[in-house]
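Asks: Next come the chains, spelled out residue by residue.
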Amino acid sequence: MVKEQKNGKQIVISPITRIEGHAQVTIFLKDDDTVRDARFQVTDFRGFEKFTEGRPFYEMPGITSRACGICPVSHLLASAKACDAIVGVSPPKTAIMLRRLMHMGQLIQSHALNFYYLSSPDLLLGMDADPAVRNVFGLIEKQPEFARQGIRLRKFGQELIEKIAGKRIHSSDWILPGGAKWPLTKERADYLLSNLPEAQESALKTIALFKKWLEGFDEEVENFGNFPTYYMGLVTADGGLEHYDGKIRIMDKNGKIVAECIEPTKYNEFIGEAVEPWSYMKFPYFKPIGYPDGAYRVGPLARLNVASYCDTPLADQELKEFKKLGKNGVVQSTFHYHYARLIELLFCVETAKKLLEDPEILSEHVTSKAMVNNYEGVGVAEAPRGTLIHHYKVDPQGLITWNNMVIATEHNNIAYNMAITQVAKKYVKAKQLQEGMLNRVEAVIRAFDPCLSCATHAVGNMPLDIKLVDADGKLVDRKIR
Amino acid sequence: MSIGTVKLKIDGVEVTVPEGTMILKAAKDNGIIIPTLCSLEGLTAYGGCRICLVEISGSPKLFPACITSVSTGMAVTTNSEKLKEYRKMAVQMLLAERTHICSVCVADEHCELQDMANQLGVDHVMFERNWSRDEIDSTHDFLVIDRNRCILCTRCIRVCDQIEGVHTLDLKLRGKDSQVIMDLDEHWANSCSCTSCRKCAKVCPVGAIYIEGEPIGHTKRKDIAEFILTRRNRK
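If you read the sequences in order, they're chains A and B. Under this note's numbering, the residues of the first sequence are numbered 1 to 481, in order. Under this note's numbering, the residues of the second sequence are numbered 1001 to 1235, in order.
Hints in this document: simulated from the structure, not taken from any laboratory. Where hints are given, some of them may not hold.
[Said to hold, decoys possible] The list that follows gives simulated cross-link-like pairs (lysine-lysine, BS3-like), each with its CA atoms no further than 27 Å apart: (1) Lys1220/B <-> Lys181/A; (2) Lys1176/B <-> Lys1028/B; (3) Lys1220/B <-> Lys1202/B; (4) Lys50/A <-> Lys1176/B; (5) Lys167/A <-> Lys93/A; (6) Lys1176/B <-> Lys1222/B; (7) Lys186/A <-> Lys155/A; (8) Lys181/A <-> Lys1222/B; (9) Lys320/A <-> Lys205/A; (10) Lys256/A <-> Lys323/A; (11) Lys1220/B <-> Lys369/A; (12) Lys327/A <-> Lys247/A; (13) Lys93/A <-> Lys30/A; (14) Lys142/A <-> Lys163/A; (15) Lys1176/B <-> Lys1061/B; (16) Lys369/A <-> Lys1202/B; (17) Lys181/A <-> Lys324/A; (18) Lys1007/B <-> Lys1088/B; (19) Lys1202/B <-> Lys181/A; (20) Lys1220/B <-> Lys167/A; (21) Lys30/A <-> Lys426/A; (22) Lys324/A <-> Lys256/A; (23) Lys155/A <-> Lys167/A; (24) Lys163/A <-> Lys1088/B.
Construct the complete structure from the given sequences, taking the supplied hints into account.
Replies: Structure follows, in C-alpha cells:
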C-alpha cells in the first residue's frame, strides 16, 4: 500500500454508487497521467463499540444489529452467539435450527439484493451504458421477467425472516441469549414450504443465465481484482460450507489449508488489524504473514474456495463447475464473487427446504434460561459478506465493559484496494476520462458487495463527483453525474 | 343537588360527582379520558408528569387534573389546541431529559411514553437531548433498573410503599437529577427491605424497571394496585 504523497494528480469518485453505505475512491496519477495507485476510503463513522459500553449484554443483539439494515440477522446471530457464550448454555436444537433457517433467509435476501438490484445493471446493460438507465429500473424495462425473479427471491428471503421472528428487518425481539422467544407455527412453515419451489427455480434460472453472460466478460474476469490472497470462512467439522456454526478455515492462493479448525474465540490470535490514517475502516490481515502481505478475502468467493463441498445436491453440482475456474480449485478473480453469490443463493434455498421439512423445526422447546456465567463471549457467523465476529466482555452484573466487532466487510479491505488499483490501471485513462471507465472501478467494489452502513443503497442516481487534481492541488477537470 | 356531590361541566357536559373527587377521576367516570403518565388507579395522586393539564374557565393557569379537586360551577376543558401543545411539549421534555431510544428498548411497543408520543403526534423533539449515561443496576436476581429510561413518575415508589408496604424505593436529589433509589441508595441486591414482589416492574410505564429475560408484555400490569386493593376490601 502506497503511503500518502503530497504531490501528484488524483481522481476522486465520491460517493460510490449502488453499494450499501458511503465510501469514496481516490485514484492517484503519475506525471504522465497513468494510474499510480487507488484507495478505497470509508467515510462513515458509527462508534458502536464505544456507546454500547455499560449496556446489559442481552440488549446487544438488538443494538448491534442496527449497524446494518441489509444484514441485521447476521449481526443478531453473531451477537446472540456471543451472549450464549456469556450465559454458557447451548440453545435447544430447534432454536439453533430456526436461527439457521432465519440466516438462510438473510443470505437469500442480501445476495438477491446485490446481484439483481445492484450488480446486474452493469452486467446486463453494460459497463458503459448511460447511468440514467444503468440501474434497477433500466433492468425492469429491459428484462422484466429477470427483474421479477430477483424481487420475488428477495421477498422470499425476507418472508423467511418475518415468519420466524416477526419482522423483516431488525427482528431483535425474537432472539434471546440461550435460544429464541417463540417457536415456528406449522401454518407459517407450510406457507414458506409452498414458496420454495419458485425460489429454487429462480435461483437455477439465474445461474444458467449468468453462466451465459460470463462468456462475454473474459476481460473483466481477467482484470477485476484478479490476484492471489488468502481466503477465510467457516466450515463444518469435515470441511463443508457453513454459515452459522463451525470452525474457521484459512486457505492460501494455492489451495493449501494454512489454518484449520480454529475456534472462533481465538480469532485475535490469527487476525491482526492495521489502521491507516485515511480510512475509518481497519485493515485486518493474517497475522502469521503480516501486513499487508497477509491480505485475505472473505464472503461468497472465499467461502466456496475454502469449502470442500456444499452438502446440497444442486449447489454441489455448481460448486464442482465453479472450482474448475481456478487453479487447484482456488478462484482468484473478484468478478467471480457474483457466481459464488448465486451458488450460495441456491445452497440457501436448498438448505431452507431441508430445515423446513424436518419435523423438529416445529418443536416448541426453543428457550434455555441462564444467567451470567462467563465474563467474556465470542460469537461468529458467516454474514452475506463474510465472517462476522462479535466479542464482548461483561462485568458480574452482565453489563458490557468492552466490545469488539469485526465486521465482515472489513476483512476484504486490503483486497478492495488491490482490486481497484488493478482495475484503475487497466481502464482509467486520465487524458480521455469517461464515465464508463470509472464505473468499472465502482463495479469491482460492487462485486465484493461491501456493506458500509445500514444506509440503503441509491438506485444509480446518487451524485458521482470525479475530481482531477494536478500536482499543485489545482482542479483541472470535474465531472458530476 | 344531594349532599356531598358537586355539579360541574367538563367539555361542556354537565356532570355530578362526589365532593372531593379529582377532575381526572370525575372525567373518567363520565367517559372522558384525560391522558396521563404518572397517575394510576389504586395509588395516591402525584401530579408529576403534567400531561393531564386542563383549563378551568376564569383562570389563565393550567391545572393538573389528577390533583385538582372539583368544585361547584367549575367549567373544565380537557382537550383544546392549547392543551395539546402543552402536552406535546411535556412529552418532548420527558424524551429530552434522559436517553430514550425506542428501537432498542425492552419496552418497545409496550411503552406508555411511546404510545403517548404517538397519540399526541410528537414526531420530533425540539429540545436538546441530555443523553444521560446513568449506571444500570442489574445486581438483583431478576429485577433491573435502567435510570436512563426513567421519567420520574414515581409509580414504582408509590406501589412499593402503598401496596407492598415496604417502601424500598424512594427518590434522591432534585429536578432532572432525581434518581429512584433502593433503601439508602444501595445496589438492589443489597437492599434488605425489597421483597422482590415485582410490582415496580408491573406499573413502570416505560422500560426503566423490568424483569430480565421476561417479555415486557407479560410483566406489565397497570391494574395491579387497583386489583390488590379490591381484593383486600372484599375481606
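Asks: Taking the earlier hints as the rules, which of them does this structure contradict?
Replies: 2, 13, 14, 17, 18 and 24
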